[in-house]
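As you go down the protein sequences, you meet chains A and B in turn. By my numbering, the letter at position 158 of the first sequence is numbered 158, and the numbering carries on one by one without gaps. By my numbering, the letter at position 108 of the second sequence is numbered 1108, and the numbering carries on one by one without gaps.
Bear in mind the hints are in silico, worked out from the structure with no lab data behind them. Bear in mind the structure is a predicted one, so any value in this text is a computation, not a measurement. Don't be surprised by glycine CBs; every beta carbon is placed ideally from N, CA and C. Hints are supplied without guarantee of correctness; some may be wrong.
[Unchecked claim] No farther apart than 20 Å at their CA atoms in a straight line, the calculated lysine to any residue pairs in the SDA-like style are these:
id, chain 1, residue 1, chain 2, residue 2
1, B, Lys-1118, B, Ala-1102
2, A, Lys-169, B, Glu-1066
3, B, Lys-1090, A, Glu-42
4, A, Lys-83, B, Gly-1061
5, A, Lys-169, B, Ala-1037
6, A, Lys-204, A, Met-147
7, A, Lys-168, B, Glu-1038
8, A, Lys-68, B, Arg-1069
9, A, Lys-68, B, Gly-1061
10, B, Lys-1090, A, Phe-183
11, A, Lys-168, B, Gln-1039
12, B, Lys-1090, A, Arg-159
13, A, Lys-168, B, Arg-1040
14, A, Lys-83, B, Arg-1083
15, A, Lys-169, B, Gly-1085
16, A, Lys-169, B, Met-1034
17, A, Lys-168, B, Asp-1035
18, A, Lys-198, B, Thr-1045
19, A, Lys-83, B, Asn-1086
20, A, Lys-68, B, Glu-1066
21, A, Lys-97, B, Arg-1083
22, A, Lys-169, B, Arg-1080
23, A, Lys-168, B, Ala-1041
24, A, Lys-97, B, Phe-1042
25, A, Lys-203, A, Lys-168
26, A, Lys-68, B, Gly-1050
27, A, Lys-83, B, Asp-1048
28, A, Lys-204, A, Gln-174
[Claimed, not checked] Have a look at the derived ranges for each label pair, beta carbon to beta carbon:
id, chain 1, residue 1, chain 2, residue 2, range
29, A, Glu-91, B, Ala-1087, 24 to 34 Å
30, B, Asn-1086, A, Gly-116, 35 to 45 Å
31, B, Leu-1106, A, Glu-91, 51 to 61 Å
32, A, Met-88, B, Leu-1120, 19 to 29 Å
33, B, Thr-1045, A, Pro-94, 27 to 37 Å
34, A, Asp-157, B, Gly-1061, 43 to 53 Å
35, B, Val-1119, A, Leu-85, 15 to 25 Å
36, A, Gly-116, B, Leu-1108, 25 to 35 Å
37, A, Lys-169, B, Arg-1080, 19 to 29 Å
38, A, Gln-110, B, Ala-1116, 28 to 38 Å
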Amino acid sequence: MENNANLRLKIALSHHPSTFMNSGRQLRDEPDDVLLAEYRREGDGEVLGVLLCRYTGLLFGVACKYLKDTHLAEDAVQQVFLKVLTSMPNEDIPNFKGWLYVLTRNHCIQYLRKAGPRKERELPETVLADTQEVMDFELQEETIAQMEEALQELQPDQRTTIVLFYIKKYSYEQIMAATGFTFMQVKSFIQNGKRNLKNSILKKSGRK
Amino acid sequence: MNKRKHNRFAAGSHGGREGQGADDRLLDYLEGRMDEAEQRAFEATLSDAGPESDALDGLYGMPNPETRRHVGAVNARLYRQIRRGNARRKRRQSPTYVIIAAIAVLLLTVAACMVAGKVLRLF
């Protein structure tokens, strides 16, 4: 049983991105935009394969988050890849990773909606939030020090993790050790704390 | 999904670099194969809602070999699809294919003309 699993793993891993070669040239180190331009010029699927393989793990993780089932997630990523292979849009894609992410997320949301209201209720709340708004706000580490007032308004757990991460430069692992929080708690406190900090600062500056 | 101890900190989780794309920092992070600066930069991306954060939520607690098996399976299927697509593309571009296609079109045209001629003669 164990041997079979190992064999399957070996076979699967033998198809890793470095397997995709083009005229003897290694494509792994080329940036996304170069590979995308080359694919559009030559129409060589292997070039697109290298590009897609870069994000298999990431997209699989995203699909797992939404679908909560590894096999469904595998199928979802596979279908997204198929969509890209068969109908790549002609317009420019400046951020290929972001584009793939949105495609995968939308695919999962569509699947859950089709699967019925019970499944749809499982959609993470973050889907409903305007993630772009959060991403637009680049919290500069050096400006954190000037945010004392806003920091004091945060919930204690959020304040602690924000201070440890941004000011004391702790890693997640160190924050876990110092506070006893789980990894996901640390991640969530930092994410929510950062968002609340942003809202508080914008409110104070009269922009919201 | 089977949620065990978060694999980033699982003992003996350090594997080879196989099965991984150049930009797939997520797996490097999960397997603790980043240096301090890389780890810090990656953790900073987790503070925003986005691909890395979502993916980490999804893979949290999944044992590394399982993650790699799923990723490898998707890559293997992608690889097969691409090989098939490229073979089709090469066939379409080969001179033999073009000649055969041209002959087929010609024969169909001749046959259509003959049928049309017979139909016209009937009326």
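Starting from the hint list further up, note which numbers the structure goes against and sort them upward. As far as the earlier hints go, 1, 2, 4, 10, 12, 15, 21, 22, 25, 27, 28, 31, 32, 33, 34, 35, 36, 37, 38 are violated by this structure, in ascending order.
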